[in-house]
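K.L.:
Sequence:
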Amino acid sequence: MSRATTRALSIAAVLALPLLAACGSDSDESDSSGSSGGDGSSAAADGTCEYVAEGDAAREVDAPPTEATLTEPTSAVITTSNGDLDITLNGDTTPCTVNSFVSLAEQGFYDDTPCPRITTTPGFELLQCGDPSGTTAGGPGYSFADELSGDETYGAGTLAMANAGPDTQGSQFFIVYGDTQLPPSYTVFGTVDPADLGVIEEIAADGDDGSNPAGGGAPNTPVDIVSVTIG
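Per our numbering, the very first residue in the sequence shown carries number 453; after that it's consecutive.
Everything labelled a hint here was simulated from the structure, so no lab data went into it. Beta carbons are placed, not taken as given, at the ideal position from N, Cα and C, and that holds for glycine. Honestly, I wouldn't trust all of these hints.
Unchecked claim - Cβ-Cβ distance ranges computed for the label pairs, FRET-style:
| # | residue 1 | residue 2 | range |
| --- | --- | --- | --- |
| 1 | 602 | 575 | 16 to 26 angstroms |
| 2 | 646 | 602 | 23 to 33 angstroms |
| 3 | 657 | 523 | 10 to 20 angstroms |
Using the sequences and the hints given, assemble the complete structure.
P.N.:
And the structure:
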């Protein structure tokens, strides 16, 4: 195994480790390989999605509809306490992931929630959000399958789902603000406007409290999601 591959797998484990409880899993181990059609759910060829009840919700919401309605690129805005992030959601390539994100946004799941983790290690630069409990362990009370092509990369501006192994997606996601080396195990469901990445770069420049044993921690400059607006 090459040094680059070893580094990528190590970083993947770091990202997955704090999320073992995010979907209410009882497992003590995490497989970061990523796949579709496991115990979580699947995206059917006819556009239907499956969301499996799992664990306790960090904030009570209804499960998304099983039919994905946004199947084209769709604009949205993540309004944070530090500035707006204009995003494009990949409804054409990841309809079930976008379907879940939009459902949670429209139900106010993400409103007034902290982004509990930032990492600043070169090759691993991201902001992790989407957990109302602010612990990196909370989820929406359901899980669903990855939507992976195997060609995913995680350059600056990537919007991707965090997970605790294959088909364990829930509500948590991460925004890449600098080059981040990961294997293609995390669903890329959108992009952030490059012009807005300065919002996160300023937060990263102030560092973190080092509280996360797997790397990074709470941002020294707190950042909250105020709301998510679709369209």
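K.L.:
Against each hint, give a clear statement of whether it holds in the structure.
P.N.:
Right, here's what the structure says about each hint:
1. 602 with 575: 16 to 26 angstroms: 21 angstroms, holds
2. 646 with 602: 23 to 33 angstroms: Holds - the Cβ-Cβ distance for residue 646 and residue 602, about 25 angstroms, lies within 23 to 33 angstroms.
3. 657 with 523: 10 to 20 angstroms: 38 angstroms, violated
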